[in-house]
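Model the full structure from these sequences, guided by the hints.
Protein chains in written order, with my numbering: chain B, 109 to 353; chain Z, 109 to 353; chain D, 1498 to 1912; chain X, 1498 to 1912.
Just so you know, the hints here were simulated from the structure itself, not pulled from any lab data. Just to be clear, a hint being listed does not mean it is correct.
[Stated by the list, open to error] Just some of the chain X residues that point at chain B, by a computed CB distance under 10 Å: (1) Pro1523; (2) Pro1524; (3) Val1526; (4) Asp1527; (5) Lys1544; (6) Ala1545; (7) Tyr1796; (8) Tyr1823; (9) Lys1892.
Note that beta-carbon positions come from the ideal geometry of N, C-alpha and C, so glycine has one too.
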Amino acid sequence: MKPLILYFTADFPSYEILKRFLEEVDPEIVKYVEIGIPEINPLYDGPTIKATHSMALKNFQREHLRQFAEILIKKGIRVFALSYYDRINKEGTNFIHYLKDSKFSGIIIPDLLTDYSEESERIIPEIEENFSFIPFFNPATPDTVIQEVSSKTSSWIYYGLQPSTGIDIPFDLNEVSRRILDLVANREINFGFGIRTIEQIKEILGLGSSGVAIGSLMVQYLKDNDMEGFRNFQNSVRGVYLNAE
Amino acid sequence: MKPLILYFTADFPSYEILKRFLEEVDPEIVKYVEIGIPEINPLYDGPTIKATHSMALKNFQREHLRQFAEILIKKGIRVFALSYYDRINKEGTNFIHYLKDSKFSGIIIPDLLTDYSEESERIIPEIEENFSFIPFFNPATPDTVIQEVSSKTSSWIYYGLQPSTGIDIPFDLNEVSRRILDLVANREINFGFGIRTIEQIKEILGLGSSGVAIGSLMVQYLKDNDMEGFRNFQNSVRGVYLNAE
Amino acid sequence: MLSTQDSSIIPNEWYNIVPDLPKQLPPPVDRDEKKSSIQLLNQILPKAILKQEFTFQKYTKIPEEVQEIYAQIGRPTPLFRAKGLEKALDYNGKILLKYEGATITGSHKINTAIPQAFYTREEGSTGVVTETGAGQWGTATTVAASLAGITSKIFMVKISFNQKPLRKQIIELYGGEIVPSPSRETKFGTEILSRNPDHPGTLGIAISEAVEYALEHDLKYMLGSVFNSVLTHQSVIGLETEKQLEILGEEPDVLIGCVGGGSNFGGFVFPLMRKFKETKIYASTASEVPKFSKGEYKYDFVDTAKILPSIKMYSLGSDYVPEKIYAGGLRYHGAAPSLSMLVNSGRINSSDMPEDKVIDALKLFARTQGIVAAPESGHAIATAIDYVKNNTDQKETILVNVSGHGLMDMSIFQR
Amino acid sequence: MLSTQDSSIIPNEWYNIVPDLPKQLPPPVDRDEKKSSIQLLNQILPKAILKQEFTFQKYTKIPEEVQEIYAQIGRPTPLFRAKGLEKALDYNGKILLKYEGATITGSHKINTAIPQAFYTREEGSTGVVTETGAGQWGTATTVAASLAGITSKIFMVKISFNQKPLRKQIIELYGGEIVPSPSRETKFGTEILSRNPDHPGTLGIAISEAVEYALEHDLKYMLGSVFNSVLTHQSVIGLETEKQLEILGEEPDVLIGCVGGGSNFGGFVFPLMRKFKETKIYASTASEVPKFSKGEYKYDFVDTAKILPSIKMYSLGSDYVPEKIYAGGLRYHGAAPSLSMLVNSGRINSSDMPEDKVIDALKLFARTQGIVAAPESGHAIATAIDYVKNNTDQKETILVNVSGHGLMDMSIFQR
Ligand SMILES: Cc1ncc(COP(=O)(O)O)c(C=O)c1O
Ligand SMILES: Cc1ncc(COP(=O)(O)O)c(C=O)c1O
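And the structure:
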């Protein structure tokens, strides 16, 4: 089955609630989970996710990450961290080691290529040495950057459908996906950022070669601690996935 | 030899002086003489000739025309009248008959095609019935008019090098003559209006098919009653003509 | 090649209609027995212009440098289909526009200014002088002079000069010298000022000053319209249009232009009359200056000052002063001799357009075609709109010359 | 075919440089946690524009109607050799000019106004709203709206509105509605006027009013520069130039343009950078607004009013107020993100030009080329002249974009 990826901000809306949601994640359809590390200014997240960061920051403890990972890994789901460059920079390789020790499979750094492209030349190989760097591309990523960064990494690629998530910017899925699929053939590319309906998931899967990452769409369930809603949501997605087979 | 044509305004500067000049006209080189009938407003004459008209008007008597003609015809020179339309119109066929009786060979009406083109359709055939109508064309005469009027007449054609005479307007002889020669082949076409030097006579003769009419160039000799000058002038022209053979 | 505009469309010969007229053109004449105005022209015009003026060649080679400058100032100007206007008028035929406003000085005037300045320089004169009323002609003269590398001096009617500071700015920017007329730079102007220091000036006075200045300083005088040589230079408009029609595969049923002195009209229409012999033709004039409908076809002075020769033309009298000034370029009392003859013979129709219709036409044109046309050109557009309204079921191709843009004349919309 | 200008030169796809940049373009971001300015754009921009703004396709098809209107407003604009200027500078190389002043509104602004108005109508909105400072953008907006058959409303900074009555006239003539800002037509304006009835207005206030008005009346807001979609539309300039260079058989060694928000510059230079990888490139700015030499490369607000998103660009700070106003279009505090990135990376050089050099350049240009260029474009010309003077023995081909004509801005020569 094609990969489905769920995104959660660590400790949103609280340590306990998130843990319960993670336990509910269905390994039959979810292949990876991304855990976002809360930030003061998550620049490239849209307002929905941004709001989760400011709430999560109050609760966040680094140790929780290991616990979240444990829950998922037990079910056979791989876990990836999503962190802005600032934290990596401050905590240094330490942080990467911690993630690796905690059984995270890799890390996504959404602002690295945009705002720290010089640093990226050094950091990507460093990370790749004993961990996975998941390239985060979007329609604004230049061809040359996509080709170069892809060639320096081996894991899957996260492709944001737009430069910021959570905002209702119109785009033409077909157009937006064509370029990346043409540029990086034979590689797992999962699309995310700005998926707003179950319908769209269907559409994206129809484009052929990729799975889907979902974030903003689940925030309301977490906020409301609506486990029932989350379950139904997973089931609807499963329906779409099965149909797409 | 190619035709040389001299123009005199009747009774300028006086009946007597003009008579003496006409007697001096050299039949070896002069083929035709034009006699202009004085007018109050000889519209298409330049200032030099215009001035002769206003002087001549005081002296003019119609009967003199016959006497001028006689002098010339005796020498074998043909005589043509030059008259503005107004007089023809006022005096009617009478005037034409008078000219014919006086042994004039034909008439030139410089304003006919320009200002009385409707009337010309009637008048030209009328004149041509028993007299000669000498078409007066210039660079402003349209192609169609040149062709039509030429076909209705049989005598020689007077081609003015510019629309008014006696004024130092520059023109390209070659350009100006080419059109008329192309439009009316195999016809005697004499050029006049605006010939200001003996040199130019040479040039015009060099163009091939045509003689030359001279007017303004002689006015000073008449005014000064300078018979000597006139004789020398005729001799210079003869020189040019002989060289052109 | 100077430009990638298709410069093969720029003609290499001007066309002079005179040899193709149905009747012979009455020549310019002197009416003052004491001084010859034709002799005067001889002193103040370049020989090449005089030659063109008095000995009519059907085709005159356009000097290569002039062709190059034509390309530089925006020739060929566009010919395009006015789809917006057609739609607004709900017209099933076609409206095509030749747009002289696309030249860098914004009107057709530059088409004759360039060769006149060029010949002046070729014949060794160091500069040109002319008069200007509204300012269009003065601007074209200055640009042409600067491009030819000679000086230019413009006598501008004082009242206009004061009302239109932009004109002073642009003429100076282009390197010309501009003086309000009457001025103290000529005897004639000085004399007028000594009698009335606040004299507002007239076009006649400005012409007199320009001519005197040219004579005194051994400069050449530039002719803005009416004269046949000017119409000949303007034939680039129609000659280009002819080639462009061929490219578009169109044939016009109706030709329309506006008439001040007749130069844009003649330049546009005459070359096209050769091939399109059956077209209907409309010359649009201002109702305030109804030269064709109320004027007489006679010899009259070219200029109010009676300095230049007389020519046979439709004229309201050289002293005629129209009331309004909203289309400065159409205030002239007469019209070029060749055009006058063709109106007189019935080949060309005339159409008087009142101010309100012209303003409406200009507004509609701006909104549907995006172009602010010159008030003068607005007359041609108004006549075209009128024609369409009176012939709605026809599916004809109407070809209109839009002689200039109106960006410097927008004050007319303030009323 | 609408026109006999060689319309095959008009491109049928716009080019967006973003996928070809050396680094990833930092996206527009929100900096206010309470309200999302990106969400706001979503409400006031046509979907098609938003799409172009946020999901970057290297090539976007130009809708056929937009291509037709491009032809109607004077595209392709000419590319020609500036022989007069070369001669005056005694330069042995070549100077080529792309001249956007040849469009009917006199500058490149119309290139983006047309598609924005078109998409607005296609998506069912009945009109557009925008702000204008000097008036160029307002005029282009109104013409584009009228040609698309929708309404336009322009909030013009009150002090400019009072100084430039021509702009009001032309916008109304073109069928637009123009209001001095602050006005009583918005809550924002009303509030400002209640505190100070004589408030002269600022561009920030005008933007706020335009945005509020668009929201309240369900209209679309038009973007004049800086945004990537605008630069994409402006790519018609460079794409045409590329084809025209091919026709002329020329290859540029140097590219020069002026920078306000960066739209004419980006539109001109970016498409050419694809093929001519070794060219030297100069972005000319006003010494009074030295955004590249004195500004910082950082996230900053697009507009003084802080209503629109923040973008990463060279900026003098969104509160920066330059002293002088002689080149209104270059007063903007920042520059488009893609252009800023390329200046930051060193690929594009910047050149600050002081007023006196620009005025001299404009004069020389007028006299040798016959064109009154816009003061903004005068910077590009001045930079080109400087380049020639510093590289006299080179025989290079210098290609300059002249973004507009200056016929409406001649007051700058009065001082
Ligand atoms: C734009 C424009 N059109 C037309 C005219 C009328 O002149 P003409 O009839 O000689 O073309 C003028 C004269 O100033 C003009 O400026
Ligand atoms: C003629 C002209 N050129 C240049 C500019 C600068 O804008 P941009 O840098 O977006 O092209 C303007 C802006 O008003 C302008 O009117």
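**Prompt:** Hey, does the Val1526 of chain X contact hint survive, CB to chain B under 10 Å?
**Reply:** 6 Å, holds
**Asked** Is the shortest C-beta separation between Lys1892 of chain X and chain B less than 10 Å?
**Response** Check failed: Cβ of Lys1892 of chain X comes no nearer than 33 Å to chain B, outside 10 Å.
**Message:** Checking hints one by one. Is Pro1523 of chain X an interface residue toward chain B, by the C-beta closer than 10 Å rule?
**Reply:** It holds, given that the least Cβ distance between Pro1523 of chain X and chain B is near 5 Å, below 10 Å.
**Prompt:** With a cut-off of 10 Å, does the beta carbon of Ala1545 of chain X approach a beta carbon of chain B closely enough for the hint to hold?
**Reply:** 8 Å, holds
**Asked** Holds or violated: Tyr1823 of chain X as interface residue toward chain B, Cβ cutoff 10 Å?
**Response** 36 Å, violated
**Hint validity - Pro1524 of chain X Cβ closer than 10 Å to any chain B Cβ** = Status holds, d = 3 Å.
**Message:** Just to be careful: measuring from the Cβ of Tyr1796 of chain X to every Cβ in chain B, is the smallest value less than 10 Å?
**Reply:** 8 Å, holds
**Request:** For the hint on Lys1544 of chain X, just tell me whether its beta-carbon gets within less than 10 Å of chain B.
**Result:** Interface hint status for Lys1544 of chain X: holds (4 Å vs cutoff 10 Å).
**Prompt:** Is the hint on Asp1527 of chain X kept, meaning its closest Cβ partner in chain B is under 10 Å away?
**Reply:** Hint holds; Asp1527 of chain X Cβ to chain B Cβ min 7 Å, cut 10 Å.
The structure does not agree with the numbered hints 8, 9 stated previously, though it agrees with the rest.
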